[in-house]
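J.: Taken in order, these protein sequences are the chains called Y and X.
Using my numbering, the first residue of the first sequence is number 976, and each one after it goes up by one.
Using my numbering, the first residue of the second sequence is number 26, and each one after it goes up by one.
Treat the hints with care, since some could be wrong.
Result set (BS3-like, lysine-lysine): computed pairs, CA atoms no more than 30 Å apart in a straight line [stated by the list, open to error]:
#	chain 1	residue 1	chain 2	residue 2
1	Y	Lys-998	Y	Lys-1034
2	X	Lys-137	Y	Lys-1034
3	Y	Lys-1042	X	Lys-104
4	Y	Lys-1038	Y	Lys-988
Chain X residues, not near chain Y, derived (Cβ > 12 Å throughout) [to be verified]:
#	residue
5	Ile-78
6	Lys-80
7	Pro-110
8	Leu-113
Quick list of simulated restraints, FRET-style, between CB atoms [what the hints assert, rightly or not]:
#	chain 1	residue 1	chain 2	residue 2	range
9	X	Ser-53	Y	Tyr-1075	14 to 24 Å
10	X	Asn-58	Y	Ser-1000	22 to 32 Å
11	Y	Gly-1017	X	Ser-51	15 to 25 Å
12	X	Asn-58	Y	Gln-978	29 to 39 Å
I should point out that these hints are in silico values taken from the structure, not numbers from a laboratory.
Glycine included, each C-beta is placed from N, C-alpha and C at the ideal position.
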Amino acid sequence: QVQLQQSGAELVKPGSSVKISCKASGYTFTSYDMHWIKQQPGNGLEWIGWIYPGNGNTKYNQKFNGKATLTADKSSSTAYMQLSSLTSEDSAVYFCAKGYYFDYWGQGVMVTVSS
Amino acid sequence: DVVMTQTPVSLSVSLGGQVSISCRSSQSLVHNNGNTYLSWYLQKPGQSPQLLIYKVSNRFSGISDRFSGSGSGTDFTLKISRVEPDDLGVYYCGQGTQYPYTFGAGTKLELK
Chain Y
976 QVQLQQSGAE
986 LVKPGSSVKI
996 SCKASGYTFT
1006 SYDMHWIKQQ
1016 PGNGLEWIGW
1026 IYPGNGNTKY
1036 NQKFNGKATL
1046 TADKSSSTAY
1056 MQLSSLTSED
1066 SAVYFCAKGY
1076 YFDYWGQGVM
1086 VTVSS
Chain X
26 DVVMTQTPVS
36 LSVSLGGQVS
46 ISCRSSQSLV
56 HNNGNTYLSW
66 YLQKPGQSPQ
76 LLIYKVSNRF
86 SGISDRFSGS
96 GSGTDFTLKI
106 SRVEPDDLGV
116 YYCGQGTQYP
126 YTFGAGTKLE
136 LK
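Full structure from sequences and hints, please.
T.: Structure (structure tokens):
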């Protein structure tokens, strides 16, 4: 069965960076886009971008250009998202989701930016 | 960006009842390839969102036929019949026709 296992919660300082992971199993990792979605407490969903692990191609929401960097490691079937220059506005839960329709989601990673 | 407007913001329903959720987009969601990439998701309390419906009316694998999607262009509807306790949570519509992909603000389904 398809599973997306994300890394654990992060408490990070303003101005720093954080890299969160999403390990995929149960399907061919290199054949489907991996999307990343942000959800702030009490708020809705915001699409960050996707990466196609097969060739490393990426597409970002312009709002996250310079903020998020998506990568993927085919050997471990793991997608990564690095968030840089963190501020309180980046405190949120971040989900990875498989494929064009977001048919499977990871459990989410809570990132808290606080000094 | 395409703005997705969901109504109502919240909905109270009795078990066994039927509800409809509306989702309107600020631009047509018909893609150049002729497909309409409108999906519906349910986020149960404390969980990740789950896909219910894709391309307007296609139920995802394992989704009950109590859930149905309809609509075209800019106007879409999710109907839930014979509501069960496990249906409660926040419903989101989302579009994948135009970048950046966007979601509605959500409709919270609660028990009356």
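J.: Run every hint past the structure and note whether it holds.
T.: How the hints compare with the structure:
1. For the hint linking Lys-998/Y to Lys-1034/Y, the alpha-carbon distance of about 20 Å falls within 30 Å, and the restraint holds.
2. For the suggested pair Lys-137/X and Lys-1034/Y, the alpha carbons sit about 43 Å apart, so the restraint of at most 30 Å is broken.
3. With a CA separation close to 38 Å, the supplied pair Lys-1042/Y and Lys-104/X exceeds the 30 Å bound.
4. This hinted pair checks out: Lys-1038/Y and Lys-988/Y have alpha carbons roughly 22 Å apart, not beyond 30 Å.
5. Its beta-carbon lying about 9 Å from the closest one in chain Y, Ile-78/X breaks the requirement of being farther than 12 Å from that chain.
6. A beta-carbon of chain Y is positioned within 12 Å of the beta-carbon of Lys-80/X; the least distance is around 8 Å.
7. Listed as a non-interface residue, Pro-110/X keeps its Cβ farther than 12 Å from every Cβ of chain Y; the least gap is roughly 22 Å.
8. Distance check for Leu-113/X against chain Y: the nearest CB is about 17 Å away, which clears 12 Å, and the non-interface claim stands.
9. Distance hint check for Ser-53/X and Tyr-1075/Y: the Cβ-Cβ separation is about 19 Å, which falls inside the suggested range of 14 to 24 Å.
10. Taking 22 to 32 Å as the suggested C-beta distance range, the pair Asn-58/X and Ser-1000/Y conforms, at roughly 31 Å.
11. Checking the proposed 15 to 25 Å range against Gly-1017/Y and Ser-51/X shows it holds: the Cβ atoms sit about 23 Å from each other.
12. The hint said 29 to 39 Å for the Cβ distance between Asn-58/X and Gln-978/Y, and at roughly 31 Å that hint holds.
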